[in-house]
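Chain by chain, the residues:
Protein chains: 2
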Amino acid sequence: MKLNVVQFVLPFFLFALAACDNKKEMNSTKNETEPVFPQGEIITNDNFTGMAYLQPLIAADSLNPIAVGNVTFEPGARSKWHTHPAGQILLVIDGIGYYQEKGQPRKILHKGDAIKCPPNIPHWHGASAESSFVQVAITGREKGETVWMQPVTDEEYYSK
Amino acid sequence: MKLNVVQFVLPFFLFALAACDNKKEMNSTKNETEPVFPQGEIITNDNFTGMAYLQPLIAADSLNPIAVGNVTFEPGARSKWHTHPAGQILLVIDGIGYYQEKGQPRKILHKGDAIKCPPNIPHWHGASAESSFVQVAITGREKGETVWMQPVTDEEYYSK
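Note that the protein sequences, when read in sequence, are chains Z and A. Just so you know, this note's numbering puts 6 at position 23 of the first sequence, and the rest follows in order with no gaps. Just so you know, this note's numbering puts 128 at position 145 of the second sequence, and the rest follows in order with no gaps.
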């Protein structure tokens, strides 16, 4: 009996590789779809440029006036310029983002970074142009609400 | 020419499967070694039972008196009972943990949970018995420092 080796070997080999690729894809998909906090709802107010999502995590109350929320920015999305009367803390959960205070160069933020926005200093934050950005915002509400200002222009957003 | 099919097919098949397992392991290792925040240093004070690690993220200052730190508990590790004069917020970054207020049943915390410890209420938190636990602690320092109390006994820790 004549055996064609290629006919025998190729199907097994391709099957094994396909199974391997499937496993890899499943792992990858699992990682991408399991963020630390839920993405939440699309932000529909006009304080943001582009697509951003908010998942409130903790509401401020009279005993502890700190609010915490998880904000997800799609690539290119950013807040308007704004100030916080009591300041704000940002924790970067995933992705790559930008943060800029008025008159300062734009900073690039990565997963694991933590920064403090001082009270009453105009600033903006958002995703980088190429990557989404997930941040936890920690905001003291004891001195009043966020003061929203003008949009971040493309010129400001893309300046380095 | 006689061909032994098994001799031909098996090496290819085993090679492909081994390559697949390697890829799977590499993905898995990558996930386990890439937490959101660094693990930081072992906590060497006696306010904890078992092994716990602290990575400070934000220091309180006079303008914004909120401190933020990432705490990693190994399985079974937990804080002593304690109170916070201005309360505390916990965000669960990874793993499974426990949280209990005095007189209340122990709660089980999972990745993505966020809870508020009210001011001056004795409580403790830590890892579950079987899983490590990573939390971000957000603590207002404007009313003073944490008040540490007695250790959490095994009876308290294992009670449901």
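Heads up, some of the hints might be wrong.
Note that identical chains are pooled: a pair holds if it fits in a single copy or bridges any two copies.
Said to hold, decoys possible - Simulated pairs of lysine to aspartate or glutamate, DMTMM-like, Cα-Cα distance not exceeding 25 Å:
| id | residue 1 | residue 2 |
| --- | --- | --- |
| 1 | K126 | D137 |
| 2 | K143 | E84 |
| 3 | K126 | D29 |
| 4 | K90 | E125 |
| 5 | K85 | E24 |
| 6 | K143 | E128 |
| 7 | K85 | E139 |
| 8 | K63 | D96 |
| 9 | K90 | D44 |
| 10 | K143 | E24 |
No wet-lab data here; the hints were simulated from the structure.
Here's how the hints hold up against the structure:
1. K126 <-> D137: neither (31 Å within a copy, 43 Å between copies)
2. K143 <-> E84: For K143 and E84, only the intra-copy Cα distance (13 Å) is at most 25 Å; the inter-copy one is 49 Å.
3. K126 <-> D29: within (23 Å within a copy, 37 Å between copies)
4. K90 <-> E125: neither (28 Å within a copy, 29 Å between copies)
5. K85 <-> E24: neither (29 Å within a copy, 35 Å between copies)
6. K143 <-> E128: neither (30 Å within a copy, 41 Å between copies)
7. K85 <-> E139: Answer is within; shortest intra-copy Cα gap is 10 Å, inter-copy 52 Å.
8. K63 <-> D96: within (21 Å within a copy, 29 Å between copies)
9. K90 <-> D44: Close across copies (22 Å), not inside one copy (32 Å); limit 25 Å.
10. K143 <-> E24: neither (31 Å within a copy, 35 Å between copies)
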